[in-house]
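Okay, here's what each chain looks like letter by letter:
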Amino acid sequence: MANLRDIRRRIKSVKNTAQITRAMQLVAAAKMKKAQDQAVAGRDYANQLNQVLVNLKENVEEESHPLLQSREGNRELMLVVSTDKGLCGALNTNLFKKVRAESGTETHYVTVGRKLRTILGKMGKEMLADFEVKDPVPFSEARPISRFLTKQFLDGHYDKISIAFNNFVTVMNQEPTIIQLLPLSSEKVGEKQDYEGANLKATETDKAAALSKDYLFEPTPLQVLDTLLPLYINFQVYQTLVEARASEHSARMVAMKAATDNAKKFIKELTLEYNKARQAAITSELLEITTAMKAME
Amino acid sequence: MPLHLEIVTPEKKVFSDTVANVYLPGADGELGILPAHGALVTALAPGELRYEKDGTITSLAIGSGFAEVTQEKVNILTDMALGDAQIDETMAEEAMLRAEKQLLSMDHSVDAEEVAHLQALIAKSMAQLKLKRRPR
Chain C
554 MANLRDIRRR IKSVKNTAQI TRAMQLVAAA KMKKAQDQAV AGRDYANQLN
604 QVLVNLKENV EEESHPLLQS REGNRELMLV VSTDKGLCGA LNTNLFKKVR
654 AESGTETHYV TVGRKLRTIL GKMGKEMLAD FEVKDPVPFS EARPISRFLT
704 KQFLDGHYDK ISIAFNNFVT VMNQEPTIIQ LLPLSSEKVG EKQDYEGANL
754 KATETDKAAA LSKDYLFEPT PLQVLDTLLP LYINFQVYQT LVEARASEHS
804 ARMVAMKAAT DNAKKFIKEL TLEYNKARQA AITSELLEIT TAMKAME
Chain G
46 MPLHLEIVTP EKKVFSDTVA NVYLPGADGE LGILPAHGAL VTALAPGELR
96 YEKDGTITSL AIGSGFAEVT QEKVNILTDM ALGDAQIDET MAEEAMLRAE
146 KQLLSMDHSV DAEEVAHLQA LIAKSMAQLK LKRRPR
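Quick note, the sequences are listed as chains C and G, same order.
Mapping of the first sequence onto my numbering: residues 554 to 850, in sequence order.
Mapping of the second sequence onto my numbering: residues 46 to 181, in sequence order.
Extracted from the complex, chain C is given alone in its bound form (with noise of 0.2 Å):
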């Protein structure tokens, strides 16, 4: 009978973790939710900042801005946004091949998320901060970090940088991405992304539209730049965040998906196996006292 016990305590065991993770996925879905509707709140405010970067850059000398300059050397300083939890499958390990690939010798990094902080901590790394983001992403935490890569870069101490994200393409699928932040490239500026945020490129009608008005600017259009700029960068990174966000999410409601499915089925098993020894038991009882019978006879 020992055996029967412990098929009924597994089963339990199973059923136990199974609502577990049902639980998991269905708050990763509606996280999920919130995360890509914020996404796509950010597309019309994105679409508006590209408008007047376009505009602004027929107006303005190239290279006129110290953010827009590139400059020779191989320093790198890369904003890697990886998540809190685990549980979400292959996600982080994704990014951090990404990373690894793409790193050269001089690459610093700076983190959002404890799973690759802890694992380029334990590779030895150059970290230079670490920053923590809330959930849902507030707009107003992309700043210190907005600023803190500003900062590095025009003091002079990175030639370059970059932000590494899982960029949310489909529910069922993340992609790995990295993208430069600084210098803006100047055909870069105004183009459009193609990730949640704004998924268009800037069309030639836009760019027609843009040249076709003579736009005046103030107080100049250098001003203009100057403080467009700061807000673009700003604005990047949040997107970037937000799109990590919605990557996480998406991915642990997917494997917490996948993990419900299988204790189901682990759960049929297990029952199947637990009748058919119930049944063995009840026939070798029977048995038992057919025998028995049998003797007395």
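Since the hints were derived computationally from the structure, they do not count as laboratory data.
Please note that the accuracy of each hint is not assured.
As the list claims (entries may be wrong) - Across the chosen pairs, the derived CB separations fall in these ranges:
#, chain 1, residue 1, chain 2, residue 2, range
1, G, K98, C, R653, 52 to 58 Å
2, C, I732, G, K146, 36 to 42 Å
3, C, I732, G, E139, 34 to 40 Å
4, C, Q776, G, L142, 26 to 32 Å
5, C, T780, G, K175, 20 to 26 Å
6, C, L579, G, D129, 37 to 43 Å
A quick note: this is a predicted structure, and the numbers were derived from the prediction, not measured.
Even for Gly, the Cβ is constructed at its ideal location relative to N, Cα and C.
Position chain G relative to chain C; hints supplied.
Just chain G, lined up with the frame of chain C:
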């Protein structure tokens, strides 16, 4: 000729409708925009934005940002846009006091950007308070 006003913040689209006129708090002073205004891009300072629709004038407290004006459109891009009902007076006041205190306690020569940020915060809170406390 209609004038279309659109106000967006990073978090959402706040307003999108046709209006009669718009007054913007530009970086160099207030700008009045009527339909068929010349094309213009301007930086905005935290302050009060007013627009008129169907004879009623509505005010919003907005943060710093940009306005793009074309003949038939005004696009506002800002980090804050609050109507009268959305402003929490005590919260705005607290935020302002906090920023002021921080501004006073820090060394201004070290971090010019932080100073600018705090000043912007104060200006934003002031814009909210001014709108809220205006006699009606």
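Going through the hints against the structure:
1. G:K98 x C:R653: 52 to 58 Å: Given about 56 Å between the Cβ atoms, the range holds.
2. C:I732 x G:K146: 36 to 42 Å: 38 Å, holds
3. C:I732 x G:E139: 34 to 40 Å: 37 Å, holds
4. C:Q776 x G:L142: 26 to 32 Å: 30 Å, holds
5. C:T780 x G:K175: 20 to 26 Å: Because 22 Å falls inside the window, the suggested range holds.
6. C:L579 x G:D129: 37 to 43 Å: 39 Å, holds
When each numbered hint is compared with the structure, no violation occurs for any of them.
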